[in-house]
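There are 2 protein chains.
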Amino acid sequence: MTTELQFFMSESKKKIEAKLPELIDSLLAPESLKKSMIYSLEAGGKRIRPVLLLSVLKGFNQPVEKGLEMACAIEMIHTYSLIHDDLPAMDDDDVRRGKPTNHKVFGEAQAILAGDALLTYSYQLVSTISEEPSKVVSLMTELSRAAGAEGMVGGQVSDMEGENKDLSVEELEQIHHHKTGDLMVVSLVAGAILAGASERDQANLRHFGRELGLLFQIKDDILDIEGDAETIGKPVGSDAGNNKGTYPSILGMDGAKQRLEHHLALALSSLKEVDMDQSLLIELTKYVAYRNH
Amino acid sequence: MTTELQFFMSESKKKIEAKLPELIDSLLAPESLKKSMIYSLEAGGKRIRPVLLLSVLKGFNQPVEKGLEMACAIEMIHTYSLIHDDLPAMDDDDVRRGKPTNHKVFGEAQAILAGDALLTYSYQLVSTISEEPSKVVSLMTELSRAAGAEGMVGGQVSDMEGENKDLSVEELEQIHHHKTGDLMVVSLVAGAILAGASERDQANLRHFGRELGLLFQIKDDILDIEGDAETIGKPVGSDAGNNKGTYPSILGMDGAKQRLEHHLALALSSLKEVDMDQSLLIELTKYVAYRNH
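First to last, the sequence lines map onto chains Z and D. When we follow this note's numbering, the leftmost residue of the first sequence carries the number 201, and every step to the right adds one. When we follow this note's numbering, the leftmost residue of the second sequence carries the number 201, and every step to the right adds one.
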């Protein structure tokens, strides 16, 4: 990772991680609910979606502060999806990023409601962004589409339905487009909307985001087999037991690595079409493809 | 119930119940997800929130068609809250309105996701309403506030925390304001926003809605003891086993009935301040207070 990217990522992370609990604290809501919302928001992670949004703003030479609320809204959607995903009825996970999952600490009922509250708050946040109303409405449409039945939630359902089935690589990528990709795409597009970018630039960032989402997933699948348990933060090979299709299980390890290079090339070529300073996003893309955790 | 109200309620119900499945059908999403969303949307009920919204439009002499999307969005929020509420980790209900609950038919994982998808779709719907963007943004802010941690979800949490406790009538009403009232308030306020009503009229409808929410709840509590199981659609006395405070348990039956009259008077006096044809809403309020199911 270049020093510039490293610095930008850590600065962005700091800003987002300062803002998130502040936003929850300001709610007139039961303390126990706020506590469970903050607990999962503070569980960390790479904050890749906020970083994408802020990178776009920087690339268009805009202050990143312009995107903090929207970035937090997207991170709240991501976080609620993890809380619901970890529930006993879903993936039944007790630990995430080294911490007990939300329902393990607060109980299932509270975890369901904390997820619902984060999901709802993200729209409240978007609706109060100080931009022209037409931009706010666009942000709303983009976010709700990406997060809902046509996007992330639909991807979750397809993912469940794909378990124990022999998926083709096309079917696998359809699932990833929605389950993982759509929220990355909306992070980029939201940055572009806030920066006042052209329709054409928005479309190219959308293409880029789709490829980036796949890259992210292929690399995760590869790390799950070749990674070091300490570094990736979960047991190596843990996907194999899920009966879910992965790139290496469908294409073999060499095939998966070729596919990674293929999507990396496509991502970079879409990105080059965008009329902005692309340096940060190019570095970020390479980081996603070649990271070791 | 007057014939005018009866006619208006049944016409509104028809319009909403035709529109809801149409909206879901139009989604590019997994069929199983759409099926589970439609299943609960079609489970019926009085559609009181949509009726409130459309009554406001009619009272301001506006076409009710103007409010169909927003009314459906609010009904989706109400429906998602019932799906999540019925889950084993929450109220663990197998039957609602005479039909098996969502998770009984589609499984818990799908029920959680169907709720998430309905919740998300409601914001997508609002964001695509063809009105000036500033109105759409106001609708968004109102809905997300009413539905989230400061509103309905917060009320749910307070309700859970109030179980097995001796609540005062003030504490009980705080819970009902958020758990039930806020979504009724937003139905009225959304109608007023769409009709272009003044701030003052919006504020009076807000007061009216708070009282109406309480009326609705007091009457439910009374019916749970005095109602006829056949007519109210659930076993009489079913609240008593929940260890939850009710108006009759706190105030006695006579006290509960006095409280009902008290809130009815307050509701009607706020309503009379609104510069609109109030006849339909007056009838609706009396119906809520004196219904037998």
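A couple of the hints might just be wrong.
Copies of one chain are not kept apart here, so a pair can be met inside one copy or by any two copies together.
The calculated DSS-like cross-link candidates involving lysine-lysine, where the alpha carbons are at most 27 Å apart (straight line), are [claimed, not checked]:
#1 K472 - K213
#2 K235 - K444
#3 K219 - K235
#4 K335 - K266
By construction, these hints were calculated from the structure, which means they are not laboratory data.
Cross-check of the supplied hints:
no. : hint        : verdict
1   : K472 - K213 : within (26 Å within a copy, 52 Å between copies)
2   : K235 - K444 : between (34 Å within a copy, 24 Å between copies)
3   : K219 - K235 : within (15 Å within a copy, 38 Å between copies)
4   : K335 - K266 : both (13 Å within a copy, 23 Å between copies)
Violated hints are absent here; each numbered hint is respected by the structure.
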